[in-house]
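Q: So the chains spell out like this:
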Amino acid sequence: MTLWVWGVSLFLFFVGLAIVVLRRQLLLMLLGLELMIAGTNIVLVFYGGLRADADILGAALLILAVAAGEAVVGLALILRAYNLGLEPDAPALRELRG
Amino acid sequence: MIHAPFSLLLVLIAPILAIVAGGFLYTFRPRLVHWPMLASCAVVFLAALRLAYLVSTRGAMDVLLYRWAATWSPGSSWLVDFGLRLDGLSAMMLLLISTVGGLIHLYSVGYMEEDASFGRFFLYFHFFYFSMLGLVVADNYVQMYLFWELVGTASYLLIGFWYHKDTARRAALQAFLTNRVGDLGFLAAVFILMAIVGRGDSNFTDLFQLGASINPTHLALVGFLLFWAATAKSAQFPLYFWLPDAMEGPTPVSALMHAATMVTAGIFLLARSWPLISLVDGLPQWVAAVGALTAIGSAIVAVTKTDLKRILAYSTVSHLGIMAMGIGLGKVGGALFHLLTHGFFKATLFLCAGNIAHALHKPTADVSEAGGLRKHMPVTFGAFTVAALSLAGVFPFAGFFSKDAIIGAALERGGVMAVAGLLIAFLSALYIFRMLFLVFWGPRSWQHPPERPHEAGTVMAAPVSLLAAGAFAVGMFAVWGHRLTDLLLRGWAGSAESLSIPGFEWPSFFAGTSMLLFGAGAAYFLTTAMPDWDPAWRASRPWLARLFETDFYYKSFVSGVVDAVLAASRAIGEIFDSRVVDGAVEGTGPAVRALSARFSAAISGSLNDYLWWLAAGAAALLGLALRTL
Amino acid sequence: MTAPLTLLWTAPLLGGFLTLLLAGGGAPRLPRRLALFFATALFLYTAAMPLASGSFNLAESGLDLAFGIRYSLALDGLSYALVLLTAFLTMISLLGSWKEGHSAGFWASFLFLESALMGVFLARDLFLFYIFWEASLIPMFFIIGLWGSANRRHAAVKFFLYTFGGSLFLLLGALLLVNERHAATGLWSWDMSGLRLDGGGPLSVFIFISMAIGFAVKIPVFPFHTWLPDAHTEAPAAGSVMLAGVMLKMGLYGFLRILYPVFPGVGARLLPWIGGLAAFNAIYGAFGAMAQTDLKRLIAYSSVAHLGFCLMGIASLTPEGIAGGSLQMINHGLTTGALFLMVGFIYERSHKRGLSDFGALARTAPALGFFFGLACLSSVGVPGMNGFVGEFMSLAGMMRALPVVAMAALLGVGLAPAYLLPAFGKVFWNDPGPGSCASKVTDLDGRERAILWALSGLMIVIGVYPRPWLDFFRAAASRLSL
Amino acid sequence: MIPIDPIQRLIAAMGPPAAFAVGLALIVLAGFGRGRSRVSKVLGVLTLLAGLVLVFPRARPAPAAGALLAPDGFSTAWQILFYAGALPFAILGAAGTEAPALLYLGSALGMGIIALSRNLLMLFIGLELMSIPAYLLVSGLGRRERASSEAALKYFFSGGAASAFFLLGIALYYARMKTLAFAPGSAPPDPILGASLVLMGTAALFKIGAVPLHFWLPDVYEASAPELAGFFSTALKAAAVLLLMRVVSIAPSSALARALPWAGALTMFVGAVLALGQDRLQRLLAYSSIAHAGNIILGVGAWAAMGASPAAAYAIYFYLAAYLFMNNGAFSFLAVSGLKTREDLKGFAKGSPVLAGLFAVFMLALAGAPPTAGFLAKLLIFWEALKAGLYAPLAFALLSALIALVYYLSLVRDAYFEEGSAVSVRGSLAGRAVLWACAAPSAALGLFPIVLGPIQRLLGP
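Residue numbers (the working numbering), protein chains in the order written: chain D, 2 to 99; chain X, 3 to 631; chain U, 12 to 493; chain W, 815 to 1275.
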């Protein structure tokens, strides 16, 4: 059971990572980030149940909240970029380099 | 407190005071600079006489002046003392230097009268004189080396005195550098001796007492190195070549250098070191061989030269060779005797040459430009003749006695040395009579100068005459009274036999005089009987001219060595140092910058790349963590 | 005065800041006057110090800082000689550039430099030593970079980087040394004096070599010498004087103060290597100098050769060698200082330094010719002048330690006139060629003569009677010799 | 034992964060009034100062069992760095609205929480609380809007991914240890735990700017206002270092700890080499901060290798403290002078000698030239590395120090030796005050390390 949960969790994490690394649309990348966090959270929730640890469930909730806050900030940043006329696309963001 | 005869201190103090006074005078009255110098010469001459008397009555003495340098450590102390050595050898040298040097000082007052750098000349000149005085009274090798180098330095300044002349500049540099090559030998010998003594330096008396107890290998090394030093200063093969060029300086400089101050230093060193040199197996033979080679070679070259001073310069080289030969044959006394007589006649000859050049308004004269000066310059002619006869070794002129002592020893030794001795006698007569005939009898060729040649003024003629008198008389005085040998024996650390000077002896008289007559006859034949034969004969054989021009190609070899050193310096200083050593330093900058550009290119600006590297970094760390699974 | 040694390095520092602060007051001459006042006062103070206390052995009690670092200063013969040299040459340098219309920063930089150099020679704590050692780079960096000649920017950066890089080896060695001491005694201490590692283990050898590289860059020893010609050539005359006169000596001082006392065994073991390298330096520098066409560059290479002799004497580990090598440091400071100053005077008048840019200066500027010739002879090592004494004793020492090396180094002695005299001849004797600047070079004025008389007088005095000067190094010589 | 009342306990435990909460509330309230920009600026500075004062507890009670937050010597020492490091930004930047003050106070609050945490969850929250305002600050406070926006996005996504790694590390830790609480040396040697520490360490190293996790850093520093980059490079970096140390301390012989010296060597070398090629000053300083990060990471590696030696901790702390002054000074100089590229710098010393002098002090200090603070900082790190036997990384450190000197020195050369437009800049009073306040310790801290003596006692036994 533990292995299964770990499997799913890591799968989600690495899919998220792959999205973040490989995809170019910023919104999709944001999704990837959330996927990484959510994937990890699965393990925490699982262990919380398994070990009847209320603290960890609370922690999972807190992490969700933080992730949501992060997502909001991410969206705000993307929006601002869009408003400034930048394409919401990773390869377009290459003014700074070298 | 220093316990020394005041006259001994005076020998050094008087010139120093004169130079300091002259230095002050120089700044506001440069025309008066010669007065303190002349006064100093007079004082030194009187002091030398007094010292000779002191030595012969009271014997030799060592005087400690002061401790020059010293260091202390628990195990050992190291020190170098400066002192004065007064013995027969130094007394004789002092007499020679003060007499000849003083007279040349006087002569210079006339000779340099019109030169713009009159004051500077006397400052340098007296410094030269002072250095040589210091050299002969030095009490140990370090001190001797000190003055030895000062002599070289002064000669550099004086040979290059007319520095507007390219040849003078070159000759000065050549003289200094060649001497430096010899000095290295001296320095090395000093170091070895100091290492042998173990506690720094020691004066001659103590050192020579060590003599036989020194490791023979070390001693041989020291002996050869000292001889090497002497070959440079006394112009022996292979380091003789600077001397003929050194006549680029004013004539009084040449006279002083050839007669009293510079080239005599090497012979003096050999004589001083005789107690060591005589202990080394084979070294005296070497000295004799080198001396003979130098004497013959340079005499041959002297025959081919036409410049007055150049002939005399090669003649000096030849005579120094004779002296070295004498020392090598164990006749130190004879060699020193010859040094003494040579000082007189060579000074006379140079000053006469100076008179001639002066009369012709040239810095130096060629035999082809002179000719028939007999009537116009009677005093010069007389002096020159006396000195020439002395040089050639005509009985009873001074040169005869001293040369006779050496030729006699050569004949005694027999074999190659005997042949060499006779050959030298022949050759010296040949070149000096050739010169005499050409200059004073030969055809006149000086119609063109604006005014007729005239005799030199009294201030120049008087010293010349006095020197000529010396060139005549000093031999008889020294030999028949045995005074020189007696003097030299005071404080002598070698065998008494080495100082003995034979009196008149028939075999060597006949041998020497017959060679002399051959030489004189040959000279007459070449210059007067068939004056055109020699130039024609030589003109038809250009290789021969080249042979003599380059001193049997030896000069070409030397300039090759110099060029090689210069090329090496360029290779190191211009190419190796800046391209290789510094190139490695300067090259790092561009190399790191290139690396920087590489790294910079990796930061592409693409967010995906950034994240990829982030993941890769994490993966690498993870791999590291799991590797230890 | 309760802290006479602290005063030695704080006074010039204070003077430097004052000079900078008072610069804005609209009195253009004030900074240089102030700087000269401080330099002169400090020199007089330094010179009077042993007179007042009867000895040049002084120590300050010290103050513990963090990390085993101790603020401790002391003076002994070796330090005193170099401190005196620093004070003297700083004063001379300032006087020598008196007429150059530099800003306050120039004058202040020399005081800052003096402060750092004093600190180097006074410090008895490795850390303190290193701080002063490196701090001396900063003023010199600005002196070269701001007031140097055409290629000064490159030279300044190269100087700083190269010597800093060398110092990193020194730092590494120092750190290892402190760790070693901790391993041996359980004490964290950077104190120099009580430190002695007799064992010649590989670590000791490593530390020795590492620190030696740091010092070698400064001296400089082949192959770490290439910063020097650039720095010397581009620096203003006064900067070159300080650089050659004092800063090169720091490396040798390091050998004398740190390496040999701490590692007597290793020093003896490496004697052939260091001695050989030193002898090579003497020859290499001479060959390098011979090829130069720029007067300053030539003198710079001559420094390489001379410092080779110094190092050789010290490395011989005989009393006469150490004393001679140390005295040669002072001699080189005076002689090369005088040469650089005179090149500066020539440059100030003509803005040229090439050997072929001049000719017959001995006729047009006889006083300059006299002093230059005198300094050349001293540099050549003509006896009777200071240069000979140091060279002679260094060689004598090496002759006892390792005759082969001394014999090889004789070649360097022989080559010295082969580069200096031709250079002298070209500038002072040769006929001026076309486009020569010789006519611009007027003769020395009174101030310049006075400076050169002071330097030349010392050259002769030391040469004729070196013994009292050798006394400075007596303690070091007897302590360090094998 | 004297009983301590809960309020006192709270203030003792987390006085500064509490103060920040109050300060934040006040600024929000002030936002309704007039002149809010100035008021919020003053309030922000006052809050930071209050935080600095409250860092020092009058009594340090033993933490309650299972406490999420509890002060110790490290937290006290490091919080000083955070709040002092934020001051130049608070004084120089943050104009316009109350938003910047809110953001940096929030970020500082996050740092405080990192310092006080005894629990991985709190560490994570602190990390996020520190980072999220930082993303927004970058976006909002650049001189070039588009570039700032781009940099903020890059920062956000990289940082988000790093946070996710940290989270995964937490999950692994919990799986293995059954708790989120951590304590020094509490963990068994175990590959799972090793992986967990590595993942958390990655996030910390990312924030420090270790190679190859450094790509975001130059972009962010370049696009931010200079004073903001100063804040990031000092306070935020110090927090990340403490985060790394907390993670490493869980198992000082883990793979992470053993990798650190090499990571440090790589970081300082690459950072120094990269900085060498830069013409834009802010980017150059960004790379230079990577090189400095390498030294610190090496220090942390040595600290871990010697079993959390107090001396090494102090070396790290001293480095961060010196760096706080030098780098804030350098960035503040850019803010005050308005210089952008090396071309602008040429001839600067002619027009503005005083500012140029301060600049030279910062550069020499950053280069680590004695007698500046930067020298002692580097020396202490090298010394610790030597003590720990990290010879090869130390060789890299020496080499990198030399390379670093090249670019700092060329900047000084440009300012002093090159010809150029001699602009005369005086700077505002606040600007000059900040510069002098940074320059004095940069120059002299190395000579008087005794000033930090009390801190040394905090970190040591």
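None of these hints come from the bench; they were simulated from the model. Treat the hints with care, since some could be wrong.
[Claimed, not checked] Using 27 Å as the maximum straight-line C-alpha spacing, the simulated DSSO-like pairs for lysine-lysine come out as follows:
#	chain 1	residue 1	chain 2	residue 2
1	W	Lys1164	W	Lys1154
2	W	Lys1164	U	Lys110
3	U	Lys363	X	Lys167
Q: Are the hints correct? Go through all of them and say.
A: Against the structure, the hints:
1. W:Lys1164 - W:Lys1154: Status holds; Cα separation ~18 Å.
2. W:Lys1164 - U:Lys110: Cα-Cα ~22 Å, so holds.
3. U:Lys363 - X:Lys167: Given that 27 Å is the threshold and the Cα spacing comes to 25 Å, the pair holds.
Checked against the numbered hints given earlier, the structure satisfies every one of them.
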